[in-house]
Amino acid sequence: MRSLNQKLLRDLWHAKGQAFAIAAVIACGVAIVVMTYGAMISLRETRDTYYERYRLADVFSQLRRAPLRVTGQIAEIPGVTAWDARITHYAALDIPGLQRPAAALLVSLPDGSEPRLNRLALREGRLPTSGRYELVISENMAQALSFHAGSRLSVLLNGRKRNFTIVGVALSPEFVYTLPPGQLMADDRAFGILWVDRAILEAAYDLDGSFNDVSVRLSPGASEPEVIRRLDSLLARYGGTSAFGRADQISNAYVDQELDQLKTIAFVIPPVFLAVAAFLIHMVLSRLIDTERESIGLFKSFGYSNWEVGWHYLKFSLAITALGVVAGIVAGLSLGQWMTRMYQDYFRFPFLEYRTDSGVFAVAILVSFAAAVAGTWVGVRRAVRLEPAGAMQPPAPAIYRRTLVDRIGLERVVSMPTQMILRHIERWPLRAFVTVLGASMAVMLLLSLFFFFDAIDELIDSFYFRANHQDVIIGLVDQRSDRSLYEFGRIAGIRGAEPVLDVPARLSNGHLTQRLGISGLEQGTHFRAFYDAAGRSFTIPEHGIVLSNQLAELLKVRSGDTITVEVLEGLRKQARISVSAIAVEHVGLSAYMDRRALAELTGEPHTLTAIQALLDRTVQARLLQRLKEIPAVATVSTREQAITSLRDTMAKSMTIVIDFYIGLGAIIAFGVVYNAARISLAERGRELASLRVLGFTGGEVTYVLLGELALLVLASLPIGCVLGYMLAWLMSAAMETKLFRVPFVILPATYGIAMTITLLSAGASALAVAWRIRKLDLIAVLKTRE
Amino acid sequence: MTFHLHGLTKTYRTGEVAVQALRGVDLDIYKSEILVLLGPSGSGKSTFLNILGGLDRPTSGEALFRDHNLTKMSDRELTLYRRDHVGFVFQFYNLIPSLTARENVALVTEISARPMAPSEALALVDLEERQDHFPAQLSGGEQQRVAIARAIAKRPEVLLCDEPTGALDSATGVVVLQAIERINAELGTTSVIITHNAVIAQMGDRVASFADGHIDKIVANASRQPASSLKW
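For the protein sequence lines, the chains are A and B, in the order given.
In this text, residue positions in the first sequence follow my numbering: the first is 252, and each later residue adds one.
In this text, residue positions in the second sequence follow my numbering: the first is 4, and each later residue adds one.
Chain A with its partners taken away, still in its complex shape (with noise of 0.2 Å):
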């Protein structure tokens, strides 16, 4: 076998460049498997440790005031294994230099130690002192604003402004990420963390010997449904409003969120690659053996088995793969380690390793070798079943056929040139197809990567300008009485304010239940649009609850049905409340009613938690720093502020992103189309040396091969237009999780770079056969039998 070894290397250095296209998708389709599961399992190895380490609570409630001895009450539900009780508050930050007003919600601590629960990693200074001043600010923000231990930092409470001592800089597993209230994405300059001893907020927020906040662990096989209701119905009465589970944990369904999307990637795309290279591998191994015809019946006449003779052809694309295997195991783990470096950016973990498991590798490994043989098999059988006498014979002339052409009268129009392209397509039809559905591969792959980029557009358009038109939403402390929308609206620079009041509520149909906000409109709002399904726009009605379409899903209703809406405040009213309409979202689960409606509910006197007006830009700069020094103002968030920071945040996570999706297209469509052309060449040499003896320039004969892989290339792009229509849907329905749904919307725009990066990539490999075609051997090929 030592020869037939030998053979082999030849072999593969003879088809080094196929060799190493092939290699490279496979390596494509390996790098994405180890690079997104072992993100996967970093993400998820680090965050249950971090969990587990750190404490974090599995239940979260919070209510208007409680008194401490509550918690004893607590601490008995079983399944409860520890608790902790703590004062939270939204409160406006001053922050010099910043020109918009920040914000932060304070978190109590226990006199000057760790908390029971949702434990805090320090990672500069101290905890703060019993008593004074001093707080911890979470990293995201002291990062963002150059804060360490030792800054000043003045801090809204209940209306007086309170300088404070940064003392140490932490972070916490509750809030690996960050996002403001009403938000989209984190904005770390404008929203942090702020942890204040207890005694300090006590005072500020008149909760002596209350809390406002509390979480608890369960014990191992606990229900935490069950728990959640007795926590409901214990807290009920101090303001409760309704406790809820890790899943709707902001933070953590942020980061399961990333989860779902990375094995959505890893299940998704690393198949398209490793099919491509099963064609790919068919179309080289299967000329191979066409080629080696002669050689085959002369190994049987020597005395190798079919077994052996198989073997080593199957060995040529195991080799291929192998070479695929290592390159993209060693591409996926420096990219799973420059992804989960991207993780730090985005989430906050103290530690977050990059890890890996050998199951992963072994998966990679088998998934691309069973490509590998599908694509070797019928190749591979070929050799086996050759007979050794029949084997050594040349094979039968192929014969040509009058096509489509032809019959419908054109073969007076084309060239002779142009009829070799078509019978030789006609010829080789499963050949052609496989070209073409490899390079349409290629395109569809590009679509449902960047489709991404328009769904974000989409995203924002949507978001802050169809169904928003508002410039700022201004969040108060508190709730107020309609009365402060008229000094709001005194403010100078601010046009048209409007009130908004969000109730926290409890939204069922039968058994389906969902916790959220209810947002109060008023009637006639100038600054929220709702769409439908058909894209019409209507406005909140007067009676009945309009609910986004994720909702209205989760919750089994459609307009015209009844639900019941249970206010989570105040008189904690309960009502039958009929669906008028379902608007069409892409973000977070919403309800809007009529505003008073909604207050009616709510049995209380205050009927605003939230201002959003227009601004006169000519003076936006004084108007922010004038909010900046309203003490009952809490967040302040500008619709340009929030798409600057979506985007920068998409910029730079994306532009490293686009960079690597257009190299794994063109790797595709280099990888088929340069196959493709060198089969064609080395099939086609003996033709196409007899044009250029006849006469024919270098260029015109090179319009015989490559015209027929760009008539091909061409074919495939409204294929892979369609395959990739059909991969993005797939895709922004695997995507979609309960806070965020990938709008499905591509642009023309898209499909256009998608097609000419395949055609850029096409036309590359085209010219690096090109120059083999100039240098065909006219001499050589004119003395051979064919």
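Treat the hints as calculated values from the structure; they're not laboratory data.
For clarity, every value in this text was computed on a predicted model and none was experimentally measured.
Be a bit skeptical, because a hint or two may be false.
Part of the chain B face toward chain A, derived, beta carbon under 7 Å [said to hold, decoys possible]:
1) Met76
2) Arg86
3) Ser101
4) Glu189
5) Leu190
Computed list of chain B residues with no C-beta within reach of chain A, every gap over 10 Å [to be verified]:
6) His7
7) Gly27
8) Thr62
9) His71
10) Asp129
11) Phe137
12) Ser142
13) Gly144
14) Ser212
15) Lys220
16) Ile221
17) Arg227
18) Pro229
19) Ser232
We put the beta carbon where it would ideally sit given N, CA and C, even for glycine.
With the hints as your guide, set chain B onto chain A.
Just chain B now, with coordinates in the frame of chain A:
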């Protein structure tokens, strides 16, 4: 005069081995003559023919086609020279398998300046009725006649035939030679035929014998034998 060739040498280098295929060939080829090149394998006749046809360049020496110096032409000029002036016939026909007989001829007429109709060229080799057949549907002799029709359809000044009967039996070979003879007579095409079959030499005006890279002797036949009378 069609060709004036002087002091032609050709050395091929493959790796460290240098093979001298031509060692100084001087020859004039006259208009409308049939010149037969005889000689054993490796004597240099194919190399010589390839230089005449613009497929190869000599290492040294001069090759004039009328007043064009073939040795000084670029690749592109050689391509145009082949396209406009030269018809080739090869031992293994070199037809395009995906094109019918007529289309193989049309392949050349499409790119030449003053071609005859493909069917006219096929008529000259008595293959009008087979013009819509693909090469795989034709016998060896028929394929070679299609190759001849393809070579002469552009009305070339020169017809270069490298072992045109090498792959054929003698009866078929004679039919092919008759076609070449007829083209020469009717169109006045200067024809150069390579063979190692001495019988075929009888149909030439002159016979040049190659040996070891040079011309051993040139014999002018007193009278040309018609191809139909040849037997081997």
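Hint check results:
At a threshold of 7 Å, the smallest CB-CB gap from methionine 76 of chain B to chain A is about 13 Å, leaving the interface hint violated. Interface hint status for arginine 86 of chain B: upheld, as the beta-carbon distance to the closest one in chain A is roughly 3 Å, under 7 Å. The beta carbon of serine 101 of chain B is positioned within 7 Å of a beta carbon in chain A (closest approach about 4 Å), and the interface hint is therefore held. Because the beta carbon of glutamate 189 of chain B sits about 22 Å from the nearest beta carbon in chain A, more than 7 Å, this interface hint is broken.
The beta carbon of leucine 190 of chain B comes no nearer than 18 Å to any beta carbon in chain A, farther than 7 Å, and the hint placing it at the interface is violated. Listed as outside the interface, histidine 7 of chain B is consistent with that label: its C-beta sits roughly 22 Å from the nearest C-beta of chain A, beyond the 10 Å cut-off. The claim that glycine 27 of chain B is not at the interface with chain A holds, since no C-beta of that chain comes within 10 Å of its own (minimum 21 Å). Once the 10 Å rule is applied to beta carbons, threonine 62 of chain B is consistent with being away from chain A; the minimum gap is 15 Å.
Distance check on histidine 71 of chain B: its Cβ is at least 15 Å (rounded) from any Cβ of chain A, clearing the 10 Å threshold; non-interface status holds. The Cβ of aspartate 129 of chain B sits about 22 Å from the closest Cβ of chain A, beyond the 10 Å cut-off, so the non-interface label holds. For phenylalanine 137 of chain B, the non-interface assignment is contradicted: its Cβ lies about 5 Å from the closest Cβ of chain A, within the 10 Å cut-off. Remark: the non-interface label on serine 142 of chain B is consistent with the geometry, its nearest Cβ contact in chain A lying 13 Å away (cut-off 10 Å).
Taking the minimum C-beta to C-beta distance to chain A, about 16 Å, the non-interface status of glycine 144 of chain B holds against the 10 Å cut. For serine 212 of chain B, the shortest C-beta to C-beta distance to chain A comes to about 21 Å, beyond the 10 Å cut-off, and the non-interface label holds. Residue-level check passed: lysine 220 of chain B sits 26 Å from the nearest beta carbon of chain A, beyond 10 Å. For isoleucine 221 of chain B, the non-interface assignment is confirmed: its Cβ lies about 25 Å from the closest Cβ of chain A, beyond the 10 Å cut-off.
Chain A leaves arginine 227 of chain B outside its interface by the beta-carbon criterion, the shortest separation being 27 Å against a cut-off of 10 Å. For proline 229 of chain B, the non-interface assignment is confirmed: its Cβ lies about 28 Å from the closest Cβ of chain A, beyond the 10 Å cut-off. In this structure serine 232 of chain B is separated from chain A by more than 10 Å, as the shortest Cβ-Cβ distance comes to about 30 Å.
Hint compliance for this structure: hints 1, 4, 5, 11 are broken, all remaining hints hold.
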